[in-house]
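Peer 1: Chain by chain, the residues:
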Amino acid sequence: GAVVSQHPSWVICKSGTSVKIECRSLDFQATTMFWYRQFPKQSLMLMATSNEGSKATYEQGVEKDKFLINHASLTLSTLTVTSAHPEDSSFYICSARGRAVSYEQYFGPGTRLTVT
Amino acid sequence: QKEVEQDPGPLSVPEGAIVSLNCTYSNSAFQYFMWYRQYSRKGPELLMYTYSSGNKEDGRFTAQVDKSSKYISLFIRDSQPSDSATYLCAMSGDTGGFKTIFGAGTRLFVKA
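Line by line, the protein sequences are chains S and G.
Start counting at 1 in the first sequence, then tack on 1015, and there's your number in my numbering.
Start counting at 1 in the second sequence, then tack on 9, and there's your number in my numbering.
Accuracy of the hints is not assured; some may be wrong.
Said to hold, decoys possible - Simulated crosslink set (SDA-like; lysine to any residue; CA at most 25 Å straight-line):
1) G:108 x S:1095
2) G:108 x S:1076
3) G:51 x G:31
4) G:108 x S:1075
5) G:79 x S:1129
6) S:1070 x G:103
7) G:51 x S:1020
8) G:65 x G:14
9) G:11 x S:1064
10) G:65 x G:78
11) G:108 x S:1037
Claimed, not checked - Covered stretches of chain G, as calculated for chain S (at least 3 residues, CB under 8 Å):
12) 41–50
13) 54–68
14) 109–121
In short, the hints are calculated from the structure, not lab data.
No experiment lies behind these values; they were computed from the predicted model shown.
Every residue gets a Cβ at the ideal spot worked out from N, C-alpha and C, and that includes glycine.
Take these sequences, add in the hints, and give me the full structure.
Peer 2: Written as structure tokens, this is what we have:
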């Protein structure tokens, strides 16, 4: 149980375009989803936290107009990188937390974004 | 000072060795302590969790929490090349919406 999927797993886009990444909890309802960014050989950097039906809470330094997060249902959250630039190239990972357990987070497999 | 400190390594050991991974923290409100394993280009997977102080064992893995010293450990017995990964400690408390704080991660290499 507690499986989280992400799509796509790998995406290449041109500078200036927008990219949407989906995060789904497959076998549980996720009241809270988290989006992280990870650079090579570095740890997770929390970008934002989203609760179903509410606006996302962004961490300091993360541009909310650039990284649009939508948590429309208990099983789906999306991250849209708008007007992507090469410096946005990174590994983006989502995680989800269900109702029953409040400390455990289940991570998706990640999405590698390359902006050319 | 970071809330959670973890030596990034890398740590290289021969196959069969006992591995000790550690984290220290500063926030006494943390109650939940987790260890995640992350293989290259994959998302982290929850390996073990412990509530409050004490030990927890699961196969070759043992997690220890010493709240008095604000120190947690993960021991891996009979390490295997397949254990080569980055290990992240993480912790959370009852306040702040259970926000989880992650360590930097320790890269482990187990040589055959």
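Peer 1: Kindly indicate which numbered hints from before are broken by the structure, ordering the numbers from low to high.
Peer 2: 5
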